[in-house]
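Student: Sequence:
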Amino acid sequence: MRWKTLGACVIVSGSTALGCAGAGATLAPTPLLTHQDQDKPPLVVIEREGDAQGGLAWAVSARTGHDALAAVADAVAQQLGDAGFLPRVRVTDDSLLVASELPDAKSARRWFDALHRGVFEARLKPSKRRAELDVCGFAPPEPLGYDAARRALGYANSALSVVGDERVVDAVTAAYGETAAWPEGSAPVDPWPERDRVTSRRSAAGERLSIALRLGDGGSALGAAEAVGGPESTLRLLASAAAPGWQLERVSASLRPSGGCLLADFSTSSALESSHVARAAQALADEMQHAVVSVKPLDPAGAARRAADPVEAALRAAWGALGGRVEPGESQRRHILHSSSSPAKDLAARLAKPAELRIEPTFRTERGQGRSWVLLTSACPTAHEDTASAGHTAALILAAAGFAGSEQSPIRVEPWVSSEGLGLIASGPAGRDGQLEALVEEMGRALLAADSDPSWQSVAREELMSARIPSPGWDFALRLASNGHPSQLVPAGVQGSLGQLTPSAGSRALRGFLGGELRLAVLTPAPQAGVRAAAERLQSLLLPLGTEQRSCATRTEVPNVGGLYLSSEASDDEAILIFPIHPKSVGVARAAADLLNLPGGWLDKAVLNPGLASSAQAMALGSGSGHAALALTVSAEPEVLMDAVAQARGLFQRLSRAQFGRAALASLRALRVGRAAAGNDPRHRLIALVTPPAPPVSEAMLRKFFRQELLEDRLVVVGPQPAGQLPRP
0 MRWKTLGACV IVSGSTALGC AGAGATLAPT PLLTHQDQDK PPLVVIEREG DAQGGLAWAV
60 SARTGHDALA AVADAVAQQL GDAGFLPRVR VTDDSLLVAS ELPDAKSARR WFDALHRGVF
120 EARLKPSKRR AELDVCGFAP PEPLGYDAAR RALGYANSAL SVVGDERVVD AVTAAYGETA
180 AWPEGSAPVD PWPERDRVTS RRSAAGERLS IALRLGDGGS ALGAAEAVGG PESTLRLLAS
240 AAAPGWQLER VSASLRPSGG CLLADFSTSS ALESSHVARA AQALADEMQH AVVSVKPLDP
300 AGAARRAADP VEAALRAAWG ALGGRVEPGE SQRRHILHSS SSPAKDLAAR LAKPAELRIE
360 PTFRTERGQG RSWVLLTSAC PTAHEDTASA GHTAALILAA AGFAGSEQSP IRVEPWVSSE
420 GLGLIASGPA GRDGQLEALV EEMGRALLAA DSDPSWQSVA REELMSARIP SPGWDFALRL
480 ASNGHPSQLV PAGVQGSLGQ LTPSAGSRAL RGFLGGELRL AVLTPAPQAG VRAAAERLQS
540 LLLPLGTEQR SCATRTEVPN VGGLYLSSEA SDDEAILIFP IHPKSVGVAR AAADLLNLPG
600 GWLDKAVLNP GLASSAQAMA LGSGSGHAAL ALTVSAEPEV LMDAVAQARG LFQRLSRAQF
660 GRAALASLRA LRVGRAAAGN DPRHRLIALV TPPAPPVSEA MLRKFFRQEL LEDRLVVVGP
720 QPAGQLPRP
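Numbering follows numbering that gives the first Met the number 0, in which position 490 of the sequence shown is assigned residue number 489; successive positions increment by one, without gaps.
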């Protein structure tokens with residue numbers, strides 16, 4: 000009798016798929032003791048104490064076809080059952096696994112004899128076992144008849160295993176040496192797929208999607224299965240976001256004679272367009288492939304030892320003994336099976352198209368900094384929103400920040416919601432390998448979680464309600480000045496639209512945001528070749544959420560809705576004056592607002608010093624990609640409020656004809672020098688990478704702005720309706 004050591008195999012996440020370590024595995028396996036008689040399959044031994052019963056298993060790899068192996072399986076199950084055992088059996092097109100408990104040590108010889116009779120002596124007859132579609136096998140074998148199939152089975156392509164204490168192991172080892180000899184049989188055959196494969200079959204119960212990756216390293220398949228099959232895995236988040244109702248049903252790792260296979264099954268009750276299925280399949284397959292290369296491989300032998308059930312451990316060990324007998328191919332292969340009425344060629348054609356979602360990265364190196372920063376934003380973050388959906392994208396951004404990270408994680412994710420833009424910022428300690436990818440990983444997971452978990456709804460709405468300008472008059476003015484797109488001026492939206500915020504509405508808003516021209520800004524302490532890789536990783540995570548991308552259209556029209564609008568809902572001590580302006584003028588508008596707000600400046604002299612108003616504040620609204628405006632809010636006692644408004648209107652008329660002296664420009668420069676300290680915050684520098692720089696404002700630019708943009712016939716004034724007066728439209 001010869002003795003040797005070899006690796007074993009594992010079932011992951013409750014799968015029924017078994018396998019063995021592939022040839023050329025990079026991990027160092029935990030050796031298992033193996034008995035090898037010259038004319039019998041090897042017997043793998045796992046000796047351990049504590050199990051109430053031992054476990055015995057037999058595994059064979061033979062491409063005889065399902066019908067022949069199923070007939071053998073029935074014969075073996077019948078013989079083992081008649082001998083007093085309760086066998087577990089699994090059959091595919093090219094493998095058969097049989098195992099059972101060993102009630103006592105004395106029954107070992109009876110088990111071996113029953114197995115031998117079932118494999119080589121009992122009469123074979125057609126089986127009622129249903130053939131499973133072996134997605135990992137890629138292509139079914141040519142079926143063999145019963146006699147040819149039986150001749151193919153033997154010690155060359157089989158393995159046995161025992162799990163139990165010393166007494167059980169000794170009894171099984173002795174019985175193994177006394178059992179009848181086996182024929183040689185055929186060597187294992189496990190052809191490596193020549194190409195990726197896409198197939199389709201009809202399904203009456205919703206849509207199903209199976210994705211299999213054939214790998215040359217079985218340990219990598221095991222490690223990836225453990226990572227992507229967990230309850231909080233990115234693969235589950237991707238499945239939920241891919242299309243309505245998608246769920247991850249199962250993840251399994253199969254170790255094969257030529258390596259391993261990672262398999263994931265998804266299902267939904269909804270009927271989906273083939274474009275949705277293709278986008279989902281691409282993203283999910285990419286995520287599985289990412290796990291293969293980023294997760295540490297598992298030791299198959301150690302995994303067999305860790306199985307709590309001795310029969311399970313025996314199954315793993317027996318199948319694992321067949322590993323490394325067939326040389327794997329060099330490239331990974333994918334098999335995507337879509338169970339629906341859609342033809343496979345349609346899905347294959349769509350999968351062949353490049354991914355739709357594109358993220359353009361830009362970065363700056365800041366040597367010596369202690370943290371890395373990334374920002375995901377869009378050149379037109381709210382272009383997809385209207386009056387009913389204003390603020391919904393900001394709600395999803397806030398929600399994503401709430402879902403991100405943990406108190407123990409060094410990575411922080413926070414929202415960026417301002418009139419200058421909208422996005423998500425992630426940061427973490429610098430100097431770690433793969434840090435940028437870790438940042439975008441957390442960012443992508445946060446967005447996926449916000450899309451699939453409705454628990455964010457009430458919290459995000461409350462945050463936005465507190466962030467918006469709390470005035471019905473403001474809401475009305477914003478709608479007028481933006482032609483019904485108020486979030487292009489104030490991303491937090493208006494009261495009416497936030498009342499319509501639902502999980503489905505938020506999901507639509509997020510997809511609209513990702514359908515724009517996406518930008519990824521990166522601040523890193525060292526030159527990073529990983530910037531492009533980080534953008535590609537984020538793209539693969541967000542691909543299921545993306546829609547057909549659009550270019551950001553620069554608006555040229557300016558709403559012409561000027562007039563006085565009185566409303567009973569407006570505050571009786573507040574009026575809003577708002578000038579719609581060309582988006583390209585928003586930079587000058589910010590400078591104009593700074594000058595208007597200077598202490599002792601234009602607003603103070605025109606409105607506050609005369610004692611008409613208690614406060615007046617100017618602000619520039621818009622990011623430059625959509626509608627823009629210069630707005631002014633005036634608060635005063637109700638009886639003099641409209642007089643204060645008249646003073647403000649007169650101020651703007653005078654400014655359109657004014658000459659701006661050096662004092663005003665010097666004050667503006669002083670303001671900007673003071674604000675330069677804000678650049679000490681890396682968030683500001685990060686945002687500056689994707690937002691237009693503030694232009695140096697000259698006297699000529701200001702004069703042109705006041706003369707050409709702040710036109711009286713464009714001015715919208717919203718104020719309270721006096722008691723007894725009919726409202727004006």
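In case anyone wonders, no lab produced these hints; they're calculated from the structure.
There may be inaccurate statements among the hints.
Beta-carbon label-pair distances, calculated as ranges [unchecked claim]:
id, residue 1, residue 2, range
1, Gly649, Gln494, 28 to 38 Å
2, Gln494, Ala532, 14 to 24 Å
3, Ala180, Glu535, 54 to 64 Å
4, Arg531, Gly430, 14 to 24 Å
5, Gly649, Gln707, 14 to 24 Å
6, Asp345, Glu568, 47 to 57 Å
7, Pro524, Glu48, 33 to 43 Å
8, Lys124, Asp345, 53 to 63 Å
Idealized CB from N, CA, C, for every residue including glycine.
Student: All the hints need checking, so say for each whether the structure fits it.
Tutor: Okay, the hints, checked on the actual structure:
{"no.": "1", "hint": "Gly649 - Gln494: 28 to 38 Å", "in the structure": "holds, 32 Å"}
{"no.": "2", "hint": "Gln494 - Ala532: 14 to 24 Å", "in the structure": "violated, 43 Å"}
{"no.": "3", "hint": "Ala180 - Glu535: 54 to 64 Å", "in the structure": "holds, 57 Å"}
{"no.": "4", "hint": "Arg531 - Gly430: 14 to 24 Å", "in the structure": "holds, 20 Å"}
{"no.": "5", "hint": "Gly649 - Gln707: 14 to 24 Å", "in the structure": "holds, 19 Å"}
{"no.": "6", "hint": "Asp345 - Glu568: 47 to 57 Å", "in the structure": "holds, 53 Å"}
{"no.": "7", "hint": "Pro524 - Glu48: 33 to 43 Å", "in the structure": "violated, 54 Å"}
{"no.": "8", "hint": "Lys124 - Asp345: 53 to 63 Å", "in the structure": "violated, 41 Å"}
In the structure shown, a violation is registered for the earlier hints numbered 2, 7, 8, in ascending order.
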